[in-house]
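Spelled out, the chains give:
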Amino acid sequence: MSHYLTRRRLLGSLGLAGVAAVAGCLDRVPGRGAVPVGTDGASGPPSRDGTLYQPWPHDRLREATVSGGPDKDGIPSVDDPSFAPAGEVPLADDEVVFGYAGEADVKAYTQRVLVWHEITNDTLDGTPVAVTYCPLTGTAMGFERGDTTLGVSGKLVNSNLVMYDRATDSRWPQVLATAVDGPREGDQLREVGLTWTTWGRWREAHPDTEVLTEDTGYAKRYGSDPYGNYNPTSGYYGGGRTLFSPLDEGWAATLDEPKRVVIGARTADRAVAFDKPTLREKRVLETDGGGANGDGGSDTGGADGGDGDAGADADALLAVYDPGLDTGWVYRSGGESVEPDDDREGLFVVDGETHRAGDLPLERMYALDAMWHAWGGFYPETAYVA
Amino acid sequence: MSREHGGGGSRGPAAVAMTALARTRRGLVAALADRVAAAVLVASTVGYALVYAVAVRDLGVASRATRGGGEGLVSATVVATPLTRALSGEGVALVALGPVEYLFVPATLAVAVAIGLLVGTNLALSTLAWRRPAVCDISPASGLAAGLPALLSGTACCGPLVFIVLGLQATSAALTAIAWLRPASVLLLVASLLWAGWNLDVRASGSSGTMLSEM
Numbered sequence: 001m002s003h004y005l006t007r008r009r010l011l012g013s014l015g016l017a018g019v020a021a022v023a024g025c026l027d028r029v030p031g032r033g034a035v036p037v038g039t040d041g042a043s044g045p046p047s048r049d050g051t052l053y054q055p056w057p058h059d060r061l062r063e064a065t066v067s068g069g070p071d072k073d074g075i076p077s078v079d080d081p082s083f084a085p086a087g088e089v090p091l092a093d094d095e096v097v098f099g100y101a102g103e104a105d106v107k108a109y110t111q112r113v114l115v116w117h118e119i120t121n122d123t124l125d126g127t128p129v130a131v132t133y134c135p136l137t138g139t140a141m142g143f144e145r146g147d148t149t150l151g152v153s154g155k156l157v158n159s160n161l162v163m164y165d166r167a168t169d170s171r172w173p174q175v176l177a178t179a180v181d182g183p184r185e186g187d188q189l190r191e192v193g194l195t196w197t198t199w200g201r202w203r204e205a206h207p208d209t210e211v212l213t214e215d216t217g218y219a220k221r222y223g224s225d226p227y228g229n230y231n232p233t234s235g236y237y238g239g240g241r242t243l244f245s246p247l248d249e250g251w252a253a254t255l256d257e258p259k260r261v262v263i264g265a266r267t268a269d270r271a272v273a274f275d276k277p278t279l280r281e282k283r284v285l286e287t288d289g290g291g292a293n294g295d296g297g298s299d300t301g302g303a304d305g306g307d308g309d310a311g312a313d314a315d316a317l318l319a320v321y322d323p324g325l326d327t328g329w330v331y332r333s334g335g336e337s338v339e340p341d342d343d344r345e346g347l348f349v350v351d352g353e354t355h356r357a358g359d360l361p362l363e364r365m366y367a368l369d370a371m372w373h374a375w376g377g378f379y380p381e382t383a384y385v386a
Numbered sequence: 001m002s003r004e005h006g007g008g009g010s011r012g013p014a015a016v017a018m019t020a021l022a023r024t025r026r027g028l029v030a031a032l033a034d035r036v037a038a039a040v041l042v043a044s045t046v047g048y049a050l051v052y053a054v055a056v057r058d059l060g061v062a063s064r065a066t067r068g069g070g071e072g073l074v075s076a077t078v079v080a081t082p083l084t085r086a087l088s089g090e091g092v093a094l095v096a097l098g099p100v101e102y103l104f105v106p107a108t109l110a111v112a113v114a115i116g117l118l119v120g121t122n123l124a125l126s127t128l129a130w131r132r133p134a135v136c137d138i139s140p141a142s143g144l145a146a147g148l149p150a151l152l153s154g155t156a157c158c159g160p161l162v163f164i165v166l167g168l169q170a171t172s173a174a175l176t177a178i179a180w181l182r183p184a185s186v187l188l189l190v191a192s193l194l195w196a197g198w199n200l201d202v203r204a205s206g207s208s209g210t211m212l213s214e215m
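Line by line, the protein sequences are chains A and B. Here the first sequence is numbered in my numbering, starting from 1 and rising by one per residue. Here the second sequence is numbered in my numbering, starting from 1 and rising by one per residue.
The shape of chain A in the complex, shown without the other chains:
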């Protein structure tokens, strides 16, 4: 994200971390500006600083890539989005939106529009960004796009949208944020955090927000979701099997609910999934530290959990629930104890002081909502915390 951003403002509004995963989002992170050059001198999206965990060999991912039906750009990205103030767009409170709140821009991208386009090429706080959404994996992610735009390749891997950049035609599975084919193979994208929430919640938290309008340059039956409905969940979103074969099916042994929503986060060497329905109940979930994958995580149910190995706690990840936005924020615990405030929802006590869920004095991680089959398929060794 832009160097115009301050970390405080960003942390106050986004669901992303303060580590390498969002290095480009923070004003204090060095090493920006090196944009790799693709074919014919065209440059693609800027590469992230640091490595993001990605367990699959690229040839295996290419083998598992299938046609999703439409051709390349058959699902057209919105390249000239328009926005309107909150009061000027007739949206129901329970409409799903993907929110971004930055230093200058506060925007809501509606699922009802993005389900028809999957990618919106926009500019946020002065930085070119692609806001992306994959209906089949239930994932909304933002990426810096540099001087190019991202488009929908028409391909899927592990049911997930495979994007391409229009500078080099490299292929980037959305959740992996990694090029697995093309001149940029192996490069990874800089992520921009989005909050998966509903319009009513977002508007209440950010009355000054703008919202993506249906003036996309395309005629579509916005509001008619071909996959089902989110409120209440039905159709594809409501349950049942995956549409395409997963990369790995080990996740079913842990939890055989493919469409259950988890809040996923990755570091350089591991992935963690926090069960979102459980997080709503318990308010805090934490891994058992050490960062070992495949341990199934731990059920902490509160700040006193996950401390079986005090020496490893610094590497533990924790998620706290934000009832205002119905989202979870993920942090590195840093060995700190985090306890929910007994009297006030959405507030947590860290080192004797009370903080809002989205503003704990800890290192925040980039995190995203995802269907369990998608997360488990991409990250077979993920910890599952519930």
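Honestly, the hints are just simulated from the structure, not real lab data. Some clues are possibly wrong.
[Stated by the list, open to error] Looking from chain B toward chain A, a few residues come up when the C-beta cut is under 10 Å (computed):
no.: 1; residue: D58
no.: 2; residue: V78
no.: 3; residue: A80
no.: 4; residue: E90
no.: 5; residue: A93
no.: 6; residue: L103
no.: 7; residue: L175
no.: 8; residue: T176
[Stated by the list, open to error] Every beta carbon over 12 Å from chain A, so not counted as near; a handful from chain B, in silico:
no.: 9; residue: G12
no.: 10; residue: A15
no.: 11; residue: T19
no.: 12; residue: V74
Just so it is clear, CB atoms sit at the ideal spot from N, CA and C, and this is done for glycine as well.
Start from chain A and add chain B according to the hints.
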């Protein structure tokens, strides 16, 4: 009675095809001259196009928010560059009539009407045969049966959506099969039409034609 071109047992495929085409053309002319058969042609073509539009989700009920946006009983929104959108197979206008909305996609409408016409002509010839029972035993259901794959192909544009509806897991083979549904259905309909025309040999004389048959 005898056929105009005889049995054709020793004639080549090209001559047979020409005969079939000629007979089909005469049959269609006779069907258009028959009020009931003509009505069947028009109704089935329009009906098929409507069902196709629903199948590809171009036609349906607007969402709550869209209806809440209210611009009166009837509204139409046209994209800024309709020609560009039309050439790329995209929609060019959204028309709302009360709670019902229709997305006008020229390419989709052309396909729907083309296949609908094939279904309609099949049914029209079947109707003609039904109204002239002495002619031959062409089942009125033949046109409908041939049209089913075409209707199913309405989901081909949307790839995996048919699998969502059917609750199946998409495989590359299944997706390939879906992609072939539309051309396969057109071939089936054309073959069915020629077969009907071959069996229903009409000699144009008078407004409704006279049918000749060996059957």
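*Restraint outcome when L103(B) is required to lie within 10 Å of chain A by C-beta distance*: holds, 5 Å
*Please verify that hint: V78(B), Cβ, nearest Cβ of chain A, below 10 Å or not.*
At about 8 Å, which falls below the 10 Å cut-off, the nearest Cβ of chain A leaves the hint on V78(B) intact, so it holds.
_If I take the minimum Cβ distance from V74(B) to any residue of chain A, is it greater than 12 Å?_
holds, 16 Å
*12 Å cut-off, C-beta based - T19(B) kept clear of every residue in chain A*: Label holds. Min Cβ-Cβ 40 Å, cutoff 12 Å.
*Quick one: work out the minimum CB distance from A15(B) to chain A and report holds if it exceeds 12 Å, violated otherwise.*
Non-interface label on A15(B) holds, nearest chain A Cβ at 41 Å vs cutoff 12 Å.
*Using Cβ atoms only, decide whether L175(B) comes closer than 10 Å to chain A, and label the hint accordingly.*
This hint holds: L175(B) lies near chain A, its Cβ roughly 6 Å from the closest one there, short of 10 Å.
_Take the shortest C-beta to C-beta distance between A80(B) and chain A; is it under 10 Å?_
Constraint on A80(B) satisfied, holds at 7 Å.
*Mind checking the CB of A93(B) against every CB in chain A and telling me if the closest is under 10 Å?*
This hint holds: A93(B) lies near chain A, its Cβ roughly 6 Å from the closest one there, short of 10 Å.
*Would you assess whether G12(B), listed as outside the interface, keeps its beta-carbon beyond 12 Å of every beta-carbon in chain A?*
Since the minimum Cβ distance to chain A is about 40 Å, G12(B) lies beyond 12 Å and the statement holds.
*Does the nearest C-beta of chain A fall within a distance shorter than 10 Å of the C-beta of E90(B)?*
holds, 6 Å
*At a threshold of 10 Å, is the proposed contact between D58(B) and chain A supported by beta-carbon distances?*
holds, 7 Å
*With chain A as the partner, please determine if T176(B) meets the hint condition of a C-beta pair closer than 10 Å.*
holds, 9 Å
Comparing the model with each numbered hint stated earlier shows that all of them hold.
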